[in-house]
Every structure is written in C-alpha cells, then in structure tokens.
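Participant: These protein sequences, in sequence, are chains A and B.
Residue 224 in the working numbering sits at position 216 of the first sequence; the count goes up by one each step and never skips.
Residue 119 in the working numbering sits at position 111 of the second sequence; the count goes up by one each step and never skips.
Source of the hints: derived by calculation from the structure; they are not laboratory data.
Do not take every clue at face value.
[Said to hold, decoys possible] In the DSS-like style, the derived pairs of lysine-lysine whose C-alpha atoms are separated by at most 27 Å in a straight line are:
(1) Lys339/B - Lys50/A
(2) Lys103/B - Lys103/A
(3) Lys281/A - Lys230/A
(4) Lys281/B - Lys281/A
(5) Lys50/A - Lys275/B
(6) Lys322/A - Lys50/B
(7) Lys35/A - Lys275/B
(8) Lys275/B - Lys32/A
(9) Lys32/B - Lys35/A
Number of protein chains: 2
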Amino acid sequence: MLFMEDLCNLYDIELDALYRLVEKGVKRVLLHAPDGFKPLYKCVAGVFEGRGIELFFSSSPGYGACDVPVEEAEALGVDVLIHLGHLEYFHHGFKPGVSIVYVPVYARPMISEGVLGELTSYLRSQGVIGVSISSTIVEEKIRRIIAEHLSSNGFRIHEVHNPLLGCLYTHVASLDNKVDAHLVIAGGIFHPLGLALVSRKPVVVLDPYRGRVWSASEEAQKTLRKRLLKIYEARISGVRVGLIIGSRLGQYRSWLIEKLEREALEKGYRVYKVSSTYLNIERLIAIDNALNLDIYVVTSCPRLPIDDLDDFYKPVLTPGEFLMLLTGLEKYVYPW
Amino acid sequence: MLFMEDLCNLYDIELDALYRLVEKGVKRVLLHAPDGFKPLYKCVAGVFEGRGIELFFSSSPGYGACDVPVEEAEALGVDVLIHLGHLEYFHHGFKPGVSIVYVPVYARPMISEGVLGELTSYLRSQGVIGVSISSTIVEEKIRRIIAEHLSSNGFRIHEVHNPLLGCLYTHVASLDNKVDAHLVIAGGIFHPLGLALVSRKPVVVLDPYRGRVWSASEEAQKTLRKRLLKIYEARISGVRVGLIIGSRLGQYRSWLIEKLEREALEKGYRVYKVSSTYLNIERLIAIDNALNLDIYVVTSCPRLPIDDLDDFYKPVLTPGEFLMLLTGLEKYVYPW
C-alpha cells in the first residue's frame, strides 16, 4: 500500500515560492491541481498550516494550464491561487483578476536500466539516429536523464525544453526535418497522440511509469482516419454550425472565433455562437436539444472534439478541422 | 411530433423587457436557461435577430436562480445576460458584475376537467378543508386556475404567491397551523419532496403535465429515513469534515460557512474547506482522493446531498443536517 509520505516522495515540488508567500503574510490561500495531482495537496498544506492562514482546497478539475478556477478564488476573496502541476500559461487575453502562483511538480527519476536498454535497441532497430526528446514539465527530470543516456549512446539528440501541452506540439513538429523520429516521455497516450497528429515522423514513447517503450504512430493513424471521416461527415451534414466558445480564462480565444465566423459566413454557413464553461457530452446534448444544428466546432480546447466528444451523434470538429473543411486543405491541421 | 412553433405555444414568455433592450441599443447578448427550457432559446432569439445584435447561447446548466453563468457573460463582454425561467434571486452577497434580465416563463394552462375532479375528490376523501396551494413561477397561471376551482368548490384556500425554490419552502411550511394539507402544482418530485421534508402536514401534488394527482408524503418519509441514517453514519464516521463551499454567485454563503465552521470547531471537529464550482459525484471523488476526510457538508445547495450525492461512499450532509449532528436536534432541519 502506498502511504501519503511515499506519495510526496515520488515528486519534487518547488515549495520556495510558497514559503515566500508565507513570509509576505498571505492570509487566505486557494490550492488547486489537476485531479491526478490533487493528492499532493497534503504535501504542500504543511507550508501554511498552524500559521493562521486560511487554506481552501479546490475540487474543480484542471484540464490544463488554461483551466484554473479563477472564479473560485474571486468568490472566496483569497490573496493567492496556487496551482500545482503547470507552468504559467501565456495566452493572448489571459489576464486573471487574481494573483496566481504556479508550482511545478516534477516526477522523480525512477527509470530502470532495462527500459533504457529497450529504448536504445528499439531506436536502433528503426534506424533512428537523430531524435527529438520532449515531455511535459512533470517528466522534465526524467527526460534529462534519458537525453544524456541517448547522447552518450551515439544518438543525435534534439532536447525540447519547452514543455508539451495538449494543444501545443508545433515546437516539436518543427524539428521534423532534423530528426528521424520524436521521442516523447509520457504516461498514457494523450501527449504522444497530439504530437503524432501533426508530425510526419514516427513518434516513439517511453512511459516511465509503466516502464515500457512503444510507438504512437499506429494509434495516431487510427485517430487521424477518424478525424478525416468527421470532416467528411461535417461537409455533408449541412450549413448550420454551432461555434462553441469557452469562458475559462485560458480558453477564450476571440481572434480565433472571429476568424472562423468570418470564413464560415463567406462560405455560406449560418453561424450560431454557443458559450460554455465545462463542455462535455451532456452540455452538448443540452445545446443540441435547443438549437438542433448540423455541426459543432469547439474553439475552447482542441482536445475536446478528439478525446472527449468523438462519440457525439453529430460531427464535432476542432478549429483546424473546420478550416480544412472550409478551405479544402487536405493536410491535417492541428492544433488550433 | 412536436414542432418548434408548438413548443413556443406551450409557454407564455414575457418578451417586453427584451424588446426594451433592443430599443436601448444592446449590441451583445447572452441567452441562458435551465436545460429543460433551452429549447425556448428559439422562441426568443427572433427578438434580436436581423438587428445587428450579436447573440450567444449558453450551453451551461441553470440549476436554479442561484446558478447563472456570470463568468461566461464576463468573458464574452456582453451588455446583458438574459436568463429564462427564474425570477431575480435575492441573496445576501449576490452581486453579479453584469446586467442580468430575468424573463419569467409560464406554462400555459392546459388542465383537464377530469384532473380537477380527481383533485377535489382526493382532497375530500382525505378530509381536507383548508389547503395551501403553491408552485414555482412556471406553474403560476395553472396554479391560479386550480386555486379558483378549489375555492369555488368550498375549500379554504391559502394561495402562496411567492414561488417555490429548491431551497425555499419555509413560506409554505409556516402555514402548517392554518391548513389540513399543502397542494403543490408541479411536474416531478423535486419541489413536493422539498416541502414534504419540512412540513408536518400532508403534501398533495397535482402534476399538470402528466395529468395526475398524488401524495408526496410517502416518498418524503423514505427520503427522511435515509437522511436520518446519513446523520447517524456521519456521527460515527469521524471528526474530519470537508466543508464544501460553492463559488457560483448565488451559492456562496459566507455567513453559513463561518457559522458551521465555528460550531464544528467547538465540538472538536477538524474542518477542511473545499471550494467547488459544479459539485457532482466525480468532483467529490476527486477531492476525497486528495483529502480522504470522514464526512462532507455541502454549503452551496442543500439539494445536492439529498438528490445527487446520496449514493456517495461517505456521508454527505446538508448544513441543516450537520447542525442536527452538532447540536443533537432531532427535528429535521431543512433547508439551509
């Protein structure tokens, strides 16, 4: 059984900024983390406890750096919102009304020699010499060790220091011409899939949590075929389009909404603008019951149509996919 | 099949305020309604269309007058948020930063002679002479017709003009000493149950949508037994309590949170304050994974523990129930 102290020991959490908050005399603090990191609340609460500081724990999800519960911080009137697990989100229009401190969380390296050996063998078997290596902020320390290992084993490494986000892979895909493959250090399929959707090169994954090496390209091909089918379905579904707009501070992208609306109107589409806070199948059903449109385009987060809403009974597209439909582009456009 | 025009004809929607908005020159408008009324978006959109007004449709739920998507209105920068289906919500601390226009929606009377006859027979069979009659704002016009019918049939009527809310029944229960029973005009069990939980008198329901008369008292007794069991379970579960605080503008009740925290600390409880936006089983699991507390108390909306979270694997109490636990009160306390 995993006890709390063990859990805290699995991660390096940068607490310096939090101790500085205590010194500065903060009185009310809201802690927030993605669900997977919420158990780490207990690892940082000790910084504030017993010092007359009122501490609140957010139960709300954190689907990305774009999704922090600013409205909760405002309602509670806290001095600072502390978010665990993502770096500060830079985005045109993202100007939170509360002070937010972003606390990086790093998984401690726990990579076996066996997996490293498996990785080098696999890359060699695929004829890979030049390889990019990328990860989210969480796997940054593991990534460094693996980069050094590959480098000392004769691979030509392009380590990508800017972390991956669910909607940001262009900084890795732009290395396509310089590498034979991309290596992603990640648990699960979410980030490897995002990269594989936009890169022409094979995406190899080292999953440090399960201790295995695998290729994401096949799964990405399946997803890509599904997405192209959605675009085709959307093309023959009709011209009444619901443009879904996110109100989460990092998900409201007015320039994109205006661009899509303008281009859609030019092509004869009728545009209905739908606002959303947390979009899921239930919310989409509620709005489709009301408006009964032909297709929906999600401008808040491009992962929603791909990962969460692909079973909806009408086509739900990303902004990039909708632009492909409007302009006839054949190369898959992601993210946007 | 029910067509859109038919749907609009089932309700009287007070559009005057909306035409006045058009005259005043509003440029950006957000429409919002509870899911059940979202199909009425189409019945009011015509007021704004073709006049150069930018119209947005909210996909977010509206669980009550306390739950309007102010954050969406703010993100979109609309001139006005129009909410269909509830009257303005008066609540200490409810000061939205955007202009909100509340548009009442009234179900058009469509009550058959047969059901009216069934009602009078049923009330007489129960020996009822004095009876209160109440409803939400939606059934107000139906309620008036039924009140007149009962009055002209010799019943002593106390018509309650202030509408029912999911958290507000005291204005009806306060008539307990003046009536033999309470009559609620409502579809479904939600409002009859709320009243029956706090009244000592039988609660009779006329459901105008299904055309039937029934007694809510038996179902309320079942719910009441369940709630008392939850309080008992909570009493023996431990002293680490999660006080869940709602950030929705009408659900943040600081006075109640302070009162509960103070009384809990006095009784030796350890209080953890949890913030929430939309609370459901998934969010409760996420926070329980993090904090692993003994019991939870929901201060945002007293219906959540009763209607939505009663299957959670730990006791989840309303504020009133938690006070019963703390003070040893035996009479069921609702709402709070």
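Participant: Against which earlier hints does the structure fall short, listed by number upward?
Facilitator: The structure conflicts with hints 1, 3, 4, 8 and 9, although it agrees with all the remaining ones.
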